[in-house]
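A.B. asks: These protein sequence lines are chains D and E, in that order.
Per this note's numbering, the very first residue in the first sequence carries number 1; after that it's consecutive.
Per this note's numbering, the very first residue in the second sequence carries number 317; after that it's consecutive.
Watch out, some of these pointers could steer you wrong.
Once the Cα atoms are required to be at most 35 Å apart in a straight line, the calculated DSBU-like pairs of lysine-lysine come out as [said to hold, decoys possible]:
no.	chain 1	residue 1	chain 2	residue 2
1	E	K450	E	K467
2	E	K405	E	K433
3	D	K291	E	K359
4	E	K459	E	K405
5	E	K378	E	K452
6	E	K405	E	K452
7	E	K405	D	K291
8	D	K291	E	K396
9	E	K452	E	K510
10	E	K428	E	K359
11	D	K291	E	K481
12	E	K378	E	K481
13	E	K470	E	K510
14	E	K481	E	K405
15	E	K510	D	K9
16	E	K428	D	K9
17	E	K388	E	K462
18	E	K405	E	K359
Just so you know, these hints were derived from the structure itself, not from any lab.
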Amino acid sequence: MPEPLLYLKAMVAAAIVSAMTVLAMVLARRHTSTTWLNLSCVLGIGLGLVVGYGVVSLRLAWPPVNGLDRFLTITVPLALGIELIAGFQNVPRWFAWLLRMSLAATIPRILLHGSVYLSDSAEGWTPWQTGAVLVLCGALLAGVWSLLSWLSQRSPGISIPLALCLPILCAGLTVMMAGYIKGGVAAFPLVATLVATTIAARLLAQRSVALANLSVPAIVGVGVVGLFGLLFLGRFFGRLSTECALAMLLAPLFCWVTEMPPLRHRQPWLVGSLRLVLVAIPLLVVLAAAKRDFDRDMAPLLRNTEAPTFRLPREH
Amino acid sequence: MRRVFSVWVMTLVIGTVFCAGGRSASAADEYAYDLVHSSVSFKARHLDISWIHGRFNEVEGKFSLDRENPAKSTFQLTIKTDSVDTANKARDEHLRQPDYFDTKQFPTIEFKSTSTKAIDGGYEVTGDFTMHGKTKKIVLVLKGGKEHTFKDVKRVAFSTELALKRSDYGFDKNAIGPIGDEALIIIDCEGMRK
Chain D
1 MPEPLLYLKA MVAAAIVSAM TVLAMVLARR HTSTTWLNLS CVLGIGLGLV VGYGVVSLRL
61 AWPPVNGLDR FLTITVPLAL GIELIAGFQN VPRWFAWLLR MSLAATIPRI LLHGSVYLSD
121 SAEGWTPWQT GAVLVLCGAL LAGVWSLLSW LSQRSPGISI PLALCLPILC AGLTVMMAGY
181 IKGGVAAFPL VATLVATTIA ARLLAQRSVA LANLSVPAIV GVGVVGLFGL LFLGRFFGRL
241 STECALAMLL APLFCWVTEM PPLRHRQPWL VGSLRLVLVA IPLLVVLAAA KRDFDRDMAP
301 LLRNTEAPTF RLPREH
Chain E
317 MRRVFSVWVM TLVIGTVFCA GGRSASAADE YAYDLVHSSV SFKARHLDIS WIHGRFNEVE
377 GKFSLDRENP AKSTFQLTIK TDSVDTANKA RDEHLRQPDY FDTKQFPTIE FKSTSTKAID
437 GGYEVTGDFT MHGKTKKIVL VLKGGKEHTF KDVKRVAFST ELALKRSDYG FDKNAIGPIG
497 DEALIIIDCE GMRK
């Protein structure tokens, strides 16, 4: 059964730990660089996730036995590790992107490991199907990741990480409404930690000239990998439809609309707000469809039983 | 030529003797699970006041029964989790999700015997029971074992009940709410001699 209060507790705990980690690490040093900020963001996200998932009892199980275990114990730590390496200034950009694209290519295979799709059973895919699904999914992830990172370099600000958190939250709610509660729950600490890290990094950027034009690739990287992982689990292990999953994955790309000439040089707050609104529109449609399906399929299971057709005799 | 012929005859004779010996050494009858006349059903407590009943519609299995030496008997059963049926389509879909059976990750529930001994009125079968990716040793008390030949097909049947805790098999504790942790699995199995 969904426990909204527990999820709220997990989000608050994750957010506090992430924000405090970033603030403490950056403020503890006299001279702060973007490398150090990126490092503190990676650690902040990691610690926030551990605490948040601990509160909702999503333990890091080893060896991982199901898709969600593999997401929490392999995929997210790999994304954090790569962003940690990529954040160092002496690491060539091409090498950082090679690592990111390698991860994007392997995530679908990692998440499907041991599932019925890759088995020899009648339900298993043919080699061609397997290849097509893995390549297409990997390419989608790589595409969204590189386009959002490019945008965040071109036009840095907090609107991109926040716009990325909207579909993650939407994915959590949609996956949950489709009947996969645990899969949906995994989204909430992730959203909280990304929002808290972004706000903490923004606060630090405002008080330091060295950190002006804030762009923290770690937040975008972990966010995109997290969003993709949740949608992939919901689609292939839960009952999330392909259309909904694609709509949520591609929604953050609407941020690119603000790069059109008439909008590009507007005030930053206006551009940021417009990005959030543009991303939110398809997500609201997805949520409405998910709620309709939930009311039709799942709600009758949770409702109280119908009125009894018999009555117990009254005692005299 | 004569020598070649004698070697060929010897091989034939020795082979025949070994084949016959092998057959007499194994007195076990091999049976296949008869899906039409068998069932694997379950029930679990709802709100701790009533029972919810369900069944698995797709089951495969085989067993070999050695009446003279029961320790040589073996039992195997494979239940397809996707075939769960509680007479409510929406609930069945929910049970297939990762919070419950996780049918895309764990498509089967399996039992494979490791030892068998005869008891009064049946057999006590110890084996590995795998569900939701976790394997535990369990003991099944198979009652029955009566034989009947119908239209030249020899049949034998057993019944057993097994109580287990879902939490022991890695089911999410949060999903164990209104539906009780303990489930009772009832197996009525009829085997057809191969």
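A.B. asks: Hint by hint, say whether it matches the structure.
C.D. replies: Against the structure, the hints come out as follows:
| no. | hint | in the structure |
| --- | --- | --- |
| 1 | E:K450 <-> E:K467 | violated, 41 Å |
| 2 | E:K405 <-> E:K433 | violated, 41 Å |
| 3 | D:K291 <-> E:K359 | holds, 30 Å |
| 4 | E:K459 <-> E:K405 | holds, 33 Å |
| 5 | E:K378 <-> E:K452 | holds, 20 Å |
| 6 | E:K405 <-> E:K452 | holds, 30 Å |
| 7 | E:K405 <-> D:K291 | holds, 19 Å |
| 8 | D:K291 <-> E:K396 | holds, 31 Å |
| 9 | E:K452 <-> E:K510 | holds, 30 Å |
| 10 | E:K428 <-> E:K359 | holds, 22 Å |
| 11 | D:K291 <-> E:K481 | holds, 33 Å |
| 12 | E:K378 <-> E:K481 | holds, 26 Å |
| 13 | E:K470 <-> E:K510 | holds, 9 Å |
| 14 | E:K481 <-> E:K405 | holds, 24 Å |
| 15 | E:K510 <-> D:K9 | violated, 60 Å |
| 16 | E:K428 <-> D:K9 | violated, 44 Å |
| 17 | E:K388 <-> E:K462 | holds, 18 Å |
| 18 | E:K405 <-> E:K359 | holds, 17 Å |
Checked against the numbered hints given earlier, this structure breaks hints 1, 2, 15 and 16; the rest are met.
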